[in-house]
Amino acid sequence: MSGMRVGRVWCEWLRGGARRWVRSVRSVRSGRRDAGMVSAEYAVGLIAAVGFAGVLYQVVTSDVVQSALQSLVAKALHGSF
Numbered sequence: 014m015s016g017m018r019v020g021r022v023w024c025e026w027l028r029g030g031a032r033r034w035v036r037s038v039r040s041v042r043s044g045r046r047d048a049g050m051v052s053a054e055y056a057v058g059l060i061a062a063v064g065f066a067g068v069l070y071q072v073v074t075s076d077v078v079q080s081a082l083q084s085l086v087a088k089a090l091h092g093s094f
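Numbering (this note's numbering), first residue to last: 14 to 94.
Treat the hints as calculated values from the structure; they're not laboratory data.
As the structure is a prediction and not an experimental result, all values here were calculated from the model.
Possibly wrong hints are sitting among the right ones.
Derived DEER-like restraints, expressed as beta-carbon distance ranges [said to hold, decoys possible]: (1) 85 <-> 65: 20 to 26 Å; (2) 88 <-> 53: 26 to 32 Å; (3) 63 <-> 86: 23 to 29 Å.
Idealized CB from N, CA, C, for every residue including glycine.
Start from the sequences, fold in the hints, and give me the full structure.
See the structure below:
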């Protein structure tokens, strides 16, 4: 066999092997069930959102922020910027 022919045969063999490997990976991935992971991800996101809401509530209800918001609203209502 010439060098060119050997190269073509080798490439064809590699492509066939790659196709078989991709098919085997797809069959394994399609058989997997990740239904529980979605619920777990939502639970973690919900806990993070509740924690952020708690921190935000503490900041907004602090005396410094309340007085700043009240002065901002008063300036807006009186039209003095």
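Hints, one by one, checked against the model:
no. : hint                  : verdict
1   : 85 <-> 65: 20 to 26 Å : holds (23 Å)
2   : 88 <-> 53: 26 to 32 Å : violated (47 Å)
3   : 63 <-> 86: 23 to 29 Å : holds (28 Å)
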